[in-house]
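Trainee: Below are the chains, spelled out letter by letter.
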Amino acid sequence: MRRILIDLTDLELWNGNHGGTQRVVYNISRYFYLAQVSLEQEVEFMTFSDRDGAFHTADFSGIYEKVESHRAATDVYSNPGLSRKARLKHRLRPYVPEKIRKSKRARQIVIRSASIGLRLSKQARRAPKRAKSLSKSSERVAFQKDDIVLILGKPWDNLKIQETLSRQRNVVGFKLVQVVYDLIISLQPQLHHPSLFTPYTQNMFNAISDSDLLLPISKSSAQDLKKFCKLLNLQVPKTAVIRLGDETVDNLEDNLVKPDARIKDRFIACIGTIEIRKNHMLLYYAYKLGLKKGLDLPQLVVVGSRGWLSGDFQYLVENDPALKDKIVILDNVNDTGLQWIYKDCLFTVYPSLYEGWGLPVAESLAYNTFCIASDSSSIPEIAGDLIDYFSPYSADECLEKLMTYQDKTERDKKTELLAKHYRPTTWQETSEHLLLLLNDLP
Amino acid sequence: MVHKKILLLSTYPIKNPRHGGQKRTRAIYEAYKQDFAEVRHSAVFFRGFYHDYGKDDIPLGRTGEQLVMRSPLTGDIVCGEAIYKDPLVNKKMIKLITELNPDIIHIEQPFPYLGLRPLLDELNMKPKLVFGSQNIEAPMKREILESANVPTKDIDTAVHIIAELEHELSKNSDLVVACTELDLNKHTEMGAKKVVLAPNGIAPIKTSQNSRDHWQSQYKRMGVKRIVLFVGSAHPPNWTGFWQMVGKALGFIPADTRIVVAGSISDYFEREIKPEALDIEDATFWLRAFSAGRLSEERLGALIEQSDIMLLPITEGGGSNLKTAEAILADKKVIATSHALRSFEWFKHFPNVWVADNQKDFQKSIDEALEAPFNERTAEQKRLAQQVKWDNCLADMVKVVSRL
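Chains as they are written, first to last, in this note's numbering: chain Y, 1 to 442; chain G, 1001 to 1404.
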């Protein structure tokens, strides 16, 4: 039986919330964990240990229990108004394939695992919010020729991971499959902190040269991958674009609470880390331009943690008397607060200069909240004509769109179209697509 | 034995030869020593470039050193002029020449003649003059200085000095020794009375088990199975050729293979290619390349012995390439430009040789060579390959000089 080995190194240190990459690793691993009984392949998990420079088998059930119990403790499903069964049903629906629901053994595993999650919720509430190793490292992984090794995370954090995989693959000959989030750090170095450039670029170089299948998360990233290969004389490996899950919770408006008193009734939301790449300055310029033209724009609520080179934007916003209360920055909003913002804003705006995908756009649409976004890189792939775009370099264009969609009729037209045509991608769909691709490997 | 005394002059010592010019001069010295009664060599040189030197070698004084540090690429002119202008150098040179009273002075490259000419006039000495021309230097100096973005005015001045010197030497020397047929013809055009061809040669590889073990353990540690070797001195045409033919984007080199850069050119690569520079070629270059650094003869011998392919990506510069001779004698797979095979045109028909004159073809040839089986040379090819040894290459020169 062929074996799929999934690397969980990214999940080793977990502080209660998953970052973007961890979310991918967790959700796809979760699918394989729950679906393994119905798969043709054996599924095993592993983590990389710096101590001996080797991969060790890891126990996903431990991670699963802790993450699920934490979710149960902190998210809206812990609402005591919902029955235990309803909570389980809600949580499991996106992850459990139809064929598993039909298998008695699989059903038992799913229900048992989910029950553990809920039972541990109380424990999780009391648990200290510190980083904690989640895997139970044990034996070294003995790679075999027929193995498929799946790297879903960001091995560029530790270059030894790729080196070890390359060396082992040279010796054993297993199939190596890796997700490619983007090549922005290498191809647009001006948009990231320079310390990331070398490890990221070197890791990508080795990943391309040593992988049997690469999985860019957008057509734009696939194009960038080709460009990277061309620039470095690398042979373009086999690639397949996968669409990541962007499903969200729904039908729970009653439980959501406004996360900050400064938020006004009518507001536009911009969600995502505040960093130079996300181009928040364009919104500042658009609002200043609007003031100069005597236009009345709704409040802009910028939600995101403060990242690299974001000081200028924050300083301008916080100290410009003309924009007092017109733009507010919220950098400490939890998941439920974020859901409230998605649900209650007029629409979202996303002016990013470059993306590998553009998760805040997909998330906004998953809440059926209209979005206007920059027409750069992968962003137009998310919803095509269903949303509207502006150049990330034009404050005029951005202002024009901000004004257009203040109009409820315009917005409603778009929102109707969204409701009709936009369907979020579930992690189950992502994982099933991935499984098909793995099955196609020779 | 020829009962004549020879003084050999250069702008670099030959005690522990590393670069091509040093190796050639050393070989000439050894060849003369076999046939002549007394042979001495003296280098006027910059200590910043060379640490090993002999008792007759004369380092530049402080003024000369400052001039070289200000303009290292014209250091050879400074060294040549110092023979007359630098009081310390001048004193030592006068002592050497008057003591030896040579019948023949052989200057390797034209530069020493800048100071030697007025000095001989002053001493009223008229030994036979042999001009060892390694290249047609003036146009090559222009290329080197231009590629280093030296101001045009300074380039013109330097090139003018060298061109005039070469013409004078070519015309007035008792013998011109040329490296290639092409250079021989150029010197004849310049008015040379007598020209002899003495192509560059090579000494057989010397190595040791210890050196072999060193590289084997190094490759094992790196997980490397195949070696593509580029040996060169820190001479601008060497790196210019490498960039033109191989390039900085080394993704076409398989993961189990490394381009190993050896010799003083390694200093240049290490200085220029910084992985932390925000450039994807720089960031990834050392993933497929490895700097072996400056090596002892034994280490270099073992490195050559254990390499799979030798690269000769030379696109400019005159003279014949010592590295080409080295590659011929080493009997490895070779990828060369046509330019690198000047004087060794016969070698392109040998097995395991790829000739490529643009980057695409050169890279493709490396790919092909890595996969291709190694083919044995014929008996005749083996005999021909031995011709590249120094004693064969310099035999005619020694014969002609002895008759001067």
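Derived by calculation from the structure, the hints in this document are not laboratory data. C-beta atoms are modelled at their ideal positions from N, C-alpha and C, and glycine is treated no differently. Hints should not be assumed to be uniformly reliable.
As the list claims (entries may be wrong) - Pulled from the structure, derived: some chain Y residues nowhere near chain G, Cβ distances all over 10 Å:
no., residue
1, Tyr33
2, Ala142
3, Arg167
4, Ser186
5, Leu187
6, Pro189
7, Pro194
8, Ile208
9, Ala240
10, Arg262
11, Lys324
12, Asp344
13, Asn368
14, Met403
15, Asn439
Claimed, not checked - As a list, the in silico EDC-like pairs of lysine to aspartate or glutamate whose alpha-carbon atoms are at most 16 Å apart:
no., chain 1, residue 1, chain 2, residue 2
16, G, Lys1206, G, Asp1331
17, Y, Lys258, Y, Asp344
18, Y, Lys230, G, Asp1279
19, Y, Lys227, G, Asp1056
20, G, Lys1348, G, Glu1380
21, G, Lys1248, G, Glu1276
22, Y, Lys401, Y, Asp375
23, Y, Lys227, G, Asp1035
24, G, Lys1091, G, Asp1035
25, G, Lys1220, Y, Glu42
26, Y, Lys230, G, Glu1281
27, Y, Lys145, Y, Glu42
28, Y, Lys154, Y, Glu12
29, Y, Lys293, Y, Glu163
30, Y, Lys292, Y, Asp320
What the hints assert, rightly or not - Label-pair ranges, simulated between beta-carbon atoms:
no., chain 1, residue 1, chain 2, residue 2, range
31, G, Gln1218, Y, Arg423, 48 to 58 Å
32, G, Glu1270, Y, Lys264, 40 to 50 Å
33, G, Pro1275, Y, Arg167, 12 to 22 Å
34, G, Asp1361, Y, Arg423, 43 to 53 Å
Trainee: Compare the structure with each hint and give your call.
Mentor: Structure-based check of each hint:
1. Tyr33: holds, 32 Å
2. Ala142: holds, 19 Å
3. Arg167: violated, 5 Å
4. Ser186: Serine 186 (chain Y) not clear of chain G: closest Cβ-Cβ about 5 Å, inside 10 Å.
5. Leu187: violated, 8 Å
6. Pro189: violated, 4 Å
7. Pro194: Violated, because the least Cβ-Cβ distance between proline 194 (chain Y) and chain G comes to about 6 Å, which does not exceed 10 Å.
8. Ile208: Incorrect as stated: the minimum Cβ-Cβ distance to chain G is 8 Å, not above 10 Å.
9. Ala240: holds, 21 Å
10. Arg262: At roughly 39 Å from the nearest Cβ of chain G, arginine 262 (chain Y) sits farther out than 10 Å, so the non-interface label holds.
11. Lys324: At roughly 39 Å from the nearest Cβ of chain G, lysine 324 (chain Y) sits farther out than 10 Å, so the non-interface label holds.
12. Asp344: Aspartate 344 (chain Y) is indeed farther than 10 Å from all Cβ atoms of chain G, at 42 Å.
13. Asn368: holds, 41 Å
14. Met403: holds, 39 Å
15. Asn439: Nearest chain G Cβ is 26 Å from asparagine 439 (chain Y), so the label holds.
16. G:Lys1206 x G:Asp1331: holds, 14 Å
17. Y:Lys258 x Y:Asp344: holds, 9 Å
18. Y:Lys230 x G:Asp1279: holds, 14 Å
19. Y:Lys227 x G:Asp1056: Not OK: lysine 227 (chain Y) and aspartate 1056 (chain G) at ~58 Å, beyond 16 Å, violated.
20. G:Lys1348 x G:Glu1380: holds, 14 Å
21. G:Lys1248 x G:Glu1276: Roughly 15 Å separates the two Cα atoms, so the pair holds.
22. Y:Lys401 x Y:Asp375: holds, 12 Å
23. Y:Lys227 x G:Asp1035: violated, 63 Å
24. G:Lys1091 x G:Asp1035: violated, 30 Å
25. G:Lys1220 x Y:Glu42: violated, 34 Å
26. Y:Lys230 x G:Glu1281: holds, 11 Å
27. Y:Lys145 x Y:Glu42: Status holds; Cα separation ~14 Å.
28. Y:Lys154 x Y:Glu12: holds, 12 Å
29. Y:Lys293 x Y:Glu163: violated, 57 Å
30. Y:Lys292 x Y:Asp320: holds, 14 Å
31. G:Gln1218 x Y:Arg423: 48 to 58 Å: holds, 56 Å
32. G:Glu1270 x Y:Lys264: 40 to 50 Å: violated, 59 Å
33. G:Pro1275 x Y:Arg167: 12 to 22 Å: holds, 20 Å
34. G:Asp1361 x Y:Arg423: 43 to 53 Å: holds, 51 Å
The structure fails hints 3, 4, 5, 6, 7, 8, 19, 23, 24, 25, 29, 32 (numbered hints given earlier, in ascending order).
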